[in-house]
Amino acid sequence: MKKLNKRSNPAFFLLILLPALLVILFLTLYPVINTIVLAFYKYNYLSDEIKFIGLKNFFTIGSDTVFQTAFLNTLTFAAVATVVEVGLGIFLALMFYGDFRGKRPFMITVIFPMMVSTMVISAVWKVLYHYDIGLFNNILRSMNLEPVGWLIDQSKALFSIILVDIWQWTPFAFLIMQAGLNSIPNEIFESSSIDGAGYFRNLRSITLPILSSQILLVIMLRTIDTFRIFGKVYALTQGGPGNSTETVSYFIYREGFSFFNLGRASAAALYVLIAISIIALFYIKGIMKEDM
Amino acid sequence: MKKKILCLLVILSIMPFITFAGGAQEEDGPVTLTIAGRDGAYGDAMQLAADEYKKINPDVNFEILKLSGSSLFEKSVIDMKSGVGTYDIVLIDDPNATQIHKAGWLADLGPLYKEKGLTLDSDFIPTLTQLGRYPYGVNGTLYSLPLVGNVELFAYRMDLFEKYNLAAPETWTNVLEAAKVISANEPDVHPVLFRGSKGNPIVTGFLPLFWAHGGKVLVDGKPALDSPEALKALEYFLELAKFAPEGVSMYQSAQVKDAIYSGTGAMAIEVWPGWIKNLDNPDESAVVGKVKVTKHPAETEKSSPMIGVWLAGIPEASMHKSAAFDFLQFLTSSDMQEKMADVTGIPPTRTSVHEVPALVEKYAWYPAQLDGLNNGVARPRTNKWKEIEDALGTYLQLALIGEMDAKSALMEVNARIGEIVE
Amino acid sequence: MTGSVMSRKGLLFWVLMIIVLITVLFPLYWILITALKTPLENILPVPSLFPKKVTLENFFSVMRTGFFKNLFNSLFVAFTSTFFSLVLAFLASYALLRYKFPYKLNVLFLIWVLIVKILPPMVLAIPLYTLFTKVNLINNLWGLILVYQVYTLPYCIWMLFGFMKNLPLEFEQAAEIDGASKLKTLLSIVVPLSSSGIAATAIFSIIIAWDEFLFALLFIRSPSLQTLPLKIVSFITEYETLWGDLMAIGLLATLPVLFFSGYYYKRLTEGFSLGLK
Numbered sequence: 001m002k003k004l005n006k007r008s009n010p011a012f013f014l015l016i017l018l019p020a021l022l023v024i025l026f027l028t029l030y031p032v033i034n035t036i037v038l039a040f041y042k043y044n045y046l047s048d049e050i051k052f053i054g055l056k057n058f059f060t061i062g063s064d065t066v067f068q069t070a071f072l073n074t075l076t077f078a079a080v081a082t083v084v085e086v087g088l089g090i091f092l093a094l095m096f097y098g099d100f101r102g103k104r105p106f107m108i109t110v111i112f113p114m115m116v117s118t119m120v121i122s123a124v125w126k127v128l129y130h131y132d133i134g135l136f137n138n139i140l141r142s143m144n145l146e147p148v149g150w151l152i153d154q155s156k157a158l159f160s161i162i163l164v165d166i167w168q169w170t171p172f173a174f175l176i177m178q179a180g181l182n183s184i185p186n187e188i189f190e191s192s193s194i195d196g197a198g199y200f201r202n203l204r205s206i207t208l209p210i211l212s213s214q215i216l217l218v219i220m221l222r223t224i225d226t227f228r229i230f231g232k233v234y235a236l237t238q239g240g241p242g243n244s245t246e247t248v249s250y251f252i253y254r255e256g257f258s259f260f261n262l263g264r265a266s267a268a269a270l271y272v273l274i275a276i277s278i279i280a281l282f283y284i285k286g287i288m289k290e291d292m
Numbered sequence: 001m002k003k004k005i006l007c008l009l010v011i012l013s014i015m016p017f018i019t020f021a022g023g024a025q026e027e028d029g030p031v032t033l034t035i036a037g038r039d040g041a042y043g044d045a046m047q048l049a050a051d052e053y054k055k056i057n058p059d060v061n062f063e064i065l066k067l068s069g070s071s072l073f074e075k076s077v078i079d080m081k082s083g084v085g086t087y088d089i090v091l092i093d094d095p096n097a098t099q100i101h102k103a104g105w106l107a108d109l110g111p112l113y114k115e116k117g118l119t120l121d122s123d124f125i126p127t128l129t130q131l132g133r134y135p136y137g138v139n140g141t142l143y144s145l146p147l148v149g150n151v152e153l154f155a156y157r158m159d160l161f162e163k164y165n166l167a168a169p170e171t172w173t174n175v176l177e178a179a180k181v182i183s184a185n186e187p188d189v190h191p192v193l194f195r196g197s198k199g200n201p202i203v204t205g206f207l208p209l210f211w212a213h214g215g216k217v218l219v220d221g222k223p224a225l226d227s228p229e230a231l232k233a234l235e236y237f238l239e240l241a242k243f244a245p246e247g248v249s250m251y252q253s254a255q256v257k258d259a260i261y262s263g264t265g266a267m268a269i270e271v272w273p274g275w276i277k278n279l280d281n282p283d284e285s286a287v288v289g290k291v292k293v294t295k296h297p298a299e300t301e302k303s304s305p306m307i308g309v310w311l312a313g314i315p316e317a318s319m320h321k322s323a324a325f326d327f328l329q330f331l332t333s334s335d336m337q338e339k340m341a342d343v344t345g346i347p348p349t350r351t352s353v354h355e356v357p358a359l360v361e362k363y364a365w366y367p368a369q370l371d372g373l374n375n376g377v378a379r380p381r382t383n384k385w386k387e388i389e390d391a392l393g394t395y396l397q398l399a400l401i402g403e404m405d406a407k408s409a410l411m412e413v414n415a416r417i418g419e420i421v422e
Numbered sequence: 001m002t003g004s005v006m007s008r009k010g011l012l013f014w015v016l017m018i019i020v021l022i023t024v025l026f027p028l029y030w031i032l033i034t035a036l037k038t039p040l041e042n043i044l045p046v047p048s049l050f051p052k053k054v055t056l057e058n059f060f061s062v063m064r065t066g067f068f069k070n071l072f073n074s075l076f077v078a079f080t081s082t083f084f085s086l087v088l089a090f091l092a093s094y095a096l097l098r099y100k101f102p103y104k105l106n107v108l109f110l111i112w113v114l115i116v117k118i119l120p121p122m123v124l125a126i127p128l129y130t131l132f133t134k135v136n137l138i139n140n141l142w143g144l145i146l147v148y149q150v151y152t153l154p155y156c157i158w159m160l161f162g163f164m165k166n167l168p169l170e171f172e173q174a175a176e177i178d179g180a181s182k183l184k185t186l187l188s189i190v191v192p193l194s195s196s197g198i199a200a201t202a203i204f205s206i207i208i209a210w211d212e213f214l215f216a217l218l219f220i221r222s223p224s225l226q227t228l229p230l231k232i233v234s235f236i237t238e239y240e241t242l243w244g245d246l247m248a249i250g251l252l253a254t255l256p257v258l259f260f261s262g263y264y265y266k267r268l269t270e271g272f273s274l275g276l277k
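Chains as they are written, first to last, in this note's numbering: chain A, 1 to 292; chain B, 1 to 422; chain C, 1 to 277.
If we strip away everything but chain A, and leave its shape as in the complex, we get:
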């Protein structure tokens, strides 16, 4: 990492770091500590019963089949959604690379989905997915095909939600990727095509390495966001059918906000934290390759 020389005045840097530091600490220090402590208690916010129970929350939640399913679903969600979004994002960025007629309006159109309210998006997809009156199944029926249980078939519901996420957030990956791609000087492409390098070799040996920091950034941000996936599940399936679309944040929401079992909710949150921290570690290592 590039640092200015050591003679520079530390007070200045401290001063510009402080505001953000203060705001973050004010908003989070107490809640985070609170979460860590409560995870070791049986604590119901409504009835005020509070009892130290050591690691019991972690054991009961860890062995709870709903939580296990939720955890697995969340991992699936995060992995599939992130990979597809990054892949499609790179694809679209390559497709949009360079100049062509109508580039600007097309680009603006493509980034529409991420600007529409999640609640509205969920509602419209729910209508489209509807088994009886939804458009998708009506199209299938008119082609004499079997209707698909988009949201009612246990093996498909999770992927139907992932599809909505992909629709909404691929534009995000696309934007970051195309921004990165535009920073690659054209000459690199030109010189390599003079060398006779094939398009895909070019892609692998030049484009992707240059995009690596953008790819890392998108993977990180999307993984975290998909780990918190809540609104779409709440609006589309409420965790059903069965437990097939349970996710960890939905689990935490129910424990915390419906039952107010804050001890259990905190313990579940810590599980998530640990899981994400492992992913984050790789990212931090990647982004701070040098000292630190």
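If you are wondering where the hints come from, they were derived from the structure by calculation, not from laboratory data. Watch out, some of these pointers could steer you wrong.
When the alpha-carbon atoms are kept at most 30 Å apart in a straight line, the in silico DSS-like pairs for lysine-lysine are as follows [as the list claims (entries may be wrong)]: (1) B:K216 - B:K232; (2) A:K56 - B:K384; (3) C:K104 - B:K277; (4) B:K222 - A:K42.
Note that the coordinates shown come from a computational prediction; the quantities given were computed from them, not determined experimentally.
Following the hints, complete the assembly by docking chains B and C onto the known chain A.
Positioned in the frame of chain A, the structure of chains B and C alone reads:
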């Protein structure tokens, strides 16, 4: 340098907690009553009452929150617990009442009645005022008043029943018979509709037939889902569900309601007064004059519709208890209930309002509704109902989608509820 | 961009483009026609691709419910919280990039920010509610702006840190040798160089704040202070979903952000071609 930075950080991170330890402010001047209420027709009704009240008491202002059921619960619980007194009147769904009453967050209405020289009006349907007391029953302390007399009803298409000469749905056996006939003859109509979504919806649809088959969720505070009656009820439910739409496991009230209104359903084993008020409005409904709304079928036990009353209470921390109490009296008075029922269609909680001729003419199901409220079954009074309902809803749905057979679903949910009430 | 790249856009390109556009636009088209249909048409067993009878009633009915007040609240909260986040995050990222603080503060800070970003907001909500009631920031748009920093500030810090990581050091060193003050260097060199990153970060932050629901629900009590997501959700009631109204307000709520996207696109392309080569 290092030390200085460290000290600074510690001080700065503690600072906010010290500096901002001030208290909430009291309001002066004309009173503003803040009401944590429901959305939809309930919200319209509350607004109507507030507007009417303001005509007589111009110095009282209102701030009405119109929230979904779960949002209302989250918001009001967190606020009442913090004791700030943000709200002056809070609506409570009756299964949550035990929890909230028990926590002591609501003002005892007894002294307020005494202060104003009033007594609790005996016109309120007795089963409903019991829900507002803690401990539950006739002798508990009164913490909240019944505002909305919701009760589950049963709806069916008279035209289809006549067409195929079917026996009126007086028992659940009749219902299953009718479903079979309609299924055989009407390919475009779903014989049976209910909410199959996980959690509260599927439980709500299931309980009336569960109770009618003699099932009980809790007996003496212990789970009783391993009984033969419970098994019989669930097996019946699964049989009936074969005649429900393919996607029923994702149905919520909107889908059930849309299916009834569009004429694609023959029987809804669960409708609420709020869903059906526009059934005879040609702008919204394709089945004007064809749907009959009645009380639930019986089976081994009598008809057992589920009561789902909204109660209104005054938080202990409210700074305008007296004004809130006056409004609460106005809100639950028979005049106001009549107006609210007439304009917004919300079901009243008073016997006399159910007998107002104009309303009975407008809402043909009022006698059934009154009967349901008087004889309906309230969900078990426990402070763990939300968790029990969630577990029951999960396993019922697993049985519905064929992941589990009826017997093992009941065994497992029984064990899970055992853990919850422990 | 030169001709050699232009020549790649052949038939395949336009076929792909059409597929992409249809995928993107179709759900949006569905939102639009749902907003234009009558309530009865919206629950027909076979959905119609074109409204049989076009009505603007849904839009009027949404506007009658105080939509513009909510729109203003949302705009105010989203832009103000983004502004603060950007300023704070920009300064912090720069400090973290260019100065090695003692006690591994750089890493610790970034990790903490990450933890905050990871934590489910429900975990933060209850303690923060208690805290905010004490400082009278409940039912207050400024309180909402402050609490939104929980979302937007970590986002901005990570995004800007990622963007600014690639800034060349030479310009700053040159400015320093010329005797420019730190602040001047920051404003006249670092800000312009990272403008594209700032613009990109800004729009994401605005979207996050624009779409936020949970804190808005808990922290706002007066209908006149509600933000748009609260309004939107109010059309999905327990007994019915007012499809027409819901989609109408969804469209209206999206327009301001869409309007912004043209400007954003411009900044992004400009910024990158100047900046990071």
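Hint-by-hint comparison with the structure:
As the CA atoms of K216 of chain B and K232 of chain B are separated by approximately 12 Å, the hinted pair is consistent with the 30 Å bound. Between K56 of chain A and K384 of chain B, the direct Cα distance comes to roughly 20 Å. Compliance with the 30 Å bound is thereby established for this hinted pair. Of the supplied pair hints, the one linking K104 of chain C and K277 of chain B is violated, its CA atoms being roughly 65 Å apart against a limit of 30 Å. Only pairs whose Cα atoms come within 30 Å are accepted, and K222 of chain B paired with K42 of chain A is accepted, the gap being roughly 21 Å.
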